[in-house]
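J.: Here are the chains, one letter per residue:
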Amino acid sequence: MSPLVYYLFTLAFFVFAYCILGWGLNLQFGEGGILNFAYIGFVAIGAYVTGALSLGKPQAGSGQTYIFGLSLPFPIGLILGGLAACVFALLVAVLTFRRLRTDYLAMVLISLSLVLYDVINNFVPLFNGADGLTNVPEPFADTLGLDPNTFVPFFAGVTLVIALIMWWLMSRITRSPLGRTLRATRDDPEAASALGKNVFRYQLTAMLIGSFYAGIGGGLIIEFAGAFNTSAWLPGETFLIFAAVIVGGVGNNKGMILGALIVPVLFTQLPKFIPDIPGHPGLILNIAAMAIGVLLMFVLWFRPQGVIPEKKRFSRLPAVLVGRRSGSTQQSAPLSTEDTL
Amino acid sequence: MTELFLAIGFGLVIASVLALSAVGLSLQFGITNYINFAYGDFMAVGAYIAWTLNTGPMHWNIWVSMIAGGVSVGILAVLLNRFLLAPFARKFQKLFYILIVTFGLSLVLLNLVSSVWGTEVQRYSISNESPFHVGPFLFTIDELVVVAIAIVAMLLIHFMLTRTRLGKSMRAMSDNSTLAMTSGIDTGRITTLTWFLSGLLAGIGGTVLGITQASITPGSGETFLFVIFAAVIVGGVGSIYGAMVGAVIVGLATEVAALFIDPSYKLDIAFAILILALLFRPNGLFARPGKA
Chain A
1 MSPLVYYLFT LAFFVFAYCI LGWGLNLQFG EGGILNFAYI GFVAIGAYVT GALSLGKPQA
61 GSGQTYIFGL SLPFPIGLIL GGLAACVFAL LVAVLTFRRL RTDYLAMVLI SLSLVLYDVI
121 NNFVPLFNGA DGLTNVPEPF ADTLGLDPNT FVPFFAGVTL VIALIMWWLM SRITRSPLGR
181 TLRATRDDPE AASALGKNVF RYQLTAMLIG SFYAGIGGGL IIEFAGAFNT SAWLPGETFL
241 IFAAVIVGGV GNNKGMILGA LIVPVLFTQL PKFIPDIPGH PGLILNIAAM AIGVLLMFVL
301 WFRPQGVIPE KKRFSRLPAV LVGRRSGSTQ QSAPLSTEDT L
Chain B
342 MTELFLAIGF GLVIASVLAL SAVGLSLQFG ITNYINFAYG DFMAVGAYIA WTLNTGPMHW
402 NIWVSMIAGG VSVGILAVLL NRFLLAPFAR KFQKLFYILI VTFGLSLVLL NLVSSVWGTE
462 VQRYSISNES PFHVGPFLFT IDELVVVAIA IVAMLLIHFM LTRTRLGKSM RAMSDNSTLA
522 MTSGIDTGRI TTLTWFLSGL LAGIGGTVLG ITQASITPGS GETFLFVIFA AVIVGGVGSI
582 YGAMVGAVIV GLATEVAALF IDPSYKLDIA FAILILALLF RPNGLFARPG KA
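Chains as they are written, first to last, in this note's numbering: chain A, 1 to 341; chain B, 342 to 633.
Keep in mind that a hint or two might mislead.
The calculated label-pair distances, taken between Cβ atoms and stated as ranges, are [to be verified]:
no.	chain 1	residue 1	chain 2	residue 2	range
1	A	N122	B	R622	21 to 31 Å
2	A	I287	B	L626	56 to 66 Å
3	B	R622	A	I67	33 to 43 Å
4	A	P125	B	T533	26 to 36 Å
5	A	V307	B	L620	37 to 47 Å
6	A	N122	B	T533	40 to 50 Å
7	B	G459	A	P177	30 to 40 Å
Derived lysine to any residue pairs resembling SDA-like cross-links, with alpha carbons at most 20 Å apart [what the hints assert, rightly or not]:
no.	chain 1	residue 1	chain 2	residue 2
8	B	K607	A	D118
9	B	K432	A	D118
10	A	K197	A	R303
Since the hints were made in silico from the structure, they are not lab data.
Model, not experiment: these values are computed from the prediction.
Note that beta-carbon positions come from the ideal geometry of N, C-alpha and C, so glycine has one too.
Based on the sequences and whatever the hints tell you, model everything.
T.: What follows is the structure, given as C-alpha cells:
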C-alpha cells in the first residue's frame, strides 16, 4: 500500500476516534453545561485500563510494570476501559458536583487533570510511569493474520463501526427526555430544578455517559497505536477536543464530524508532517497550537453556535398549547417536530 | 527535628511565592467574577521576560528584572483584557464562553512562550551563596528576599485595600459592581488597574517561582496553577486575605508532607487539601456569602 493511502487511513481513524471523544464531551459540556476541563484525564484512564487489560502479565526483563495484565480479548478490554472512566467520573462527580458552581468546578477539574497526570507520570507500578504502555496487542492481528499494512485500514474500519454505533446511541440520548432535561438544566439550572428536575442527577448521568465515550475513545487510540504515554495527554489536549466541539457546533452531533476533521486532524495531525524549520524544533507544532486557540476565539466571536448550529428543537404540541407567540418561530412552526436528526 | 524545621523554612518560601500569585488571581476574580485560566501562563511570560533581562546582554540585577517582568505582564494583562477578555465578557452572559476563552488564551500563551524562548530548562544568573541559619531555619539570601518581598507586597495590598480610594473602590466593585457604578466609581478604570495589578503579581510570582525552584520552563507556571487554585479555594475564592492564609497553609503542608511521602508527589498534597477543603468548608476559611 502506498504511504499516502496508509496515511489517509490513519487520519480517518483519528477523525472517527475524535468524533467519539467529541460526542462524549458534547454531552457533558454542550448538553449538560459541565465545563469538564479534565476530559483528557478520562480519555487517558480509558486508554491505560484498556491497554493494561489487553496486555499479558508484565515480563520481568521487559522493563514494563503495570497493573492487571489479563490478556483480555478485544472488545472486553475496551468496554472495561470505558467503564473505568465512568467509575472515575462517578467519584469526581459525587465529590464535587453538588458543591460547586461552573467555574469552581472547572478549577477543580483542571487541577484534577494536572494531578492525575503527575501521579501516572511518577507512580511507575501503575501504568509504567512516564514511558507508558507499549506493545499493546493489535486486536485480531493474530487471528486474521494482519500485518501493519493491513491492520491500519482494518482497524480504521472497526473504529468506524464503533463510531456509528456510538453516534446512533448518542442521537437517541440527545432526543430522549434525558437530553431535553439536560439542555434545560444547561440553559437555566434554577428553572429546571424549580420544575422538579434533579439537576445533580441529570448532570451526573451526562458526566457518566460522556466519560464512557471518553474511555472508549482512549481505548481505541491505544489499541490503534499500540502504545500510550503521558506525552499523549498533556492538559492542552482537553482544549483540542473543546475546540473541536465548539467549531463543529455545540449540541450538534453531526457537526462534530466537521469539528473532528478541522481541529484534531487539520490542525494537529497534519502539521506533524510538515518538516521542522531548521534550528527551531517543535516550532511548527507550537504555531499550530496557537492557531487552534485563535481559531476557537474567532469561532466563538463570529459563530458562537459553531459552523453548524444546534437545531432548535420544538415541541410536537401546537403552538397555542405551549403558548408560543406566533411569528416568534420560522415558517415550519407550529407543528415542527424534533425528529429531524 | 532539624528536618522538620528545614521543611517549615522552605514551606515559608513556597508560601511566599504562592501568596504573591494567589493574591493576584484573587484580586482579578473579585472584580471580574471569572477565573483566569491563563494565569499560570502570565506567570511564565513574566518569568521569561525577567530571564531575558537578567541573563541577556543587559545583565540586569535579578530583582530589577523581576519588577520589569511584572510590569510587562501587567501591561500585557491590561491589553488582553481591553481587546480580548472584556469584549467577550460583554458579549456573552454565560460564564462558559469567557472561561473557554481564558483556557484558549492559556494554550496560545504557553505555545508563544515555547516558540520565543524554547523549551529547555533555564536558570537565572544569581550568585549561589551557601544557606545560613536563621534560628532553627536554613535560608539563602535570595529565599529571604523572596519572603521579604511577599510580606511587603501583602502589607502594601492591605493598605491599598483599606486606606486608598482605589482599594476601597475595588472592594466596592467586588461586592456589587452595579451599585459601585451608580455611586460614581469609574468601574472601567478600576477594572483596568486591577488587571494591571493582577498581571504585575503574576509576573513577580512567576519570577520568584523560577528563583526558588532554580528552573524556568514554559509549563512551570501552568503546573503551579493548581497549587495556586488550592490556596485560593482553601482561603475562599475572591477573598484576598483568605488567599494569603491559604497560601501559608498550602505552602507549609506541601513541604512538610514531603518529609513523609515521596517528594515527587508533594505538590499533589495541595490537591488533597483542596478536596478536603471542598468537603468540609466548601466556601473556604473566609467565605463570602453569595460567591460560591
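J.: Next, verify each hint and record whether it holds.
T.: Checked hints:
no., hint, result
1, A:N122 to B:R622: 21 to 31 Å, "holds (29 Å)"
2, A:I287 to B:L626: 56 to 66 Å, "violated (44 Å)"
3, B:R622 to A:I67: 33 to 43 Å, "holds (35 Å)"
4, A:P125 to B:T533: 26 to 36 Å, "violated (51 Å)"
5, A:V307 to B:L620: 37 to 47 Å, "holds (42 Å)"
6, A:N122 to B:T533: 40 to 50 Å, "holds (42 Å)"
7, B:G459 to A:P177: 30 to 40 Å, "violated (54 Å)"
8, B:K607 to A:D118, "holds (10 Å)"
9, B:K432 to A:D118, "violated (37 Å)"
10, A:K197 to A:R303, "violated (31 Å)"
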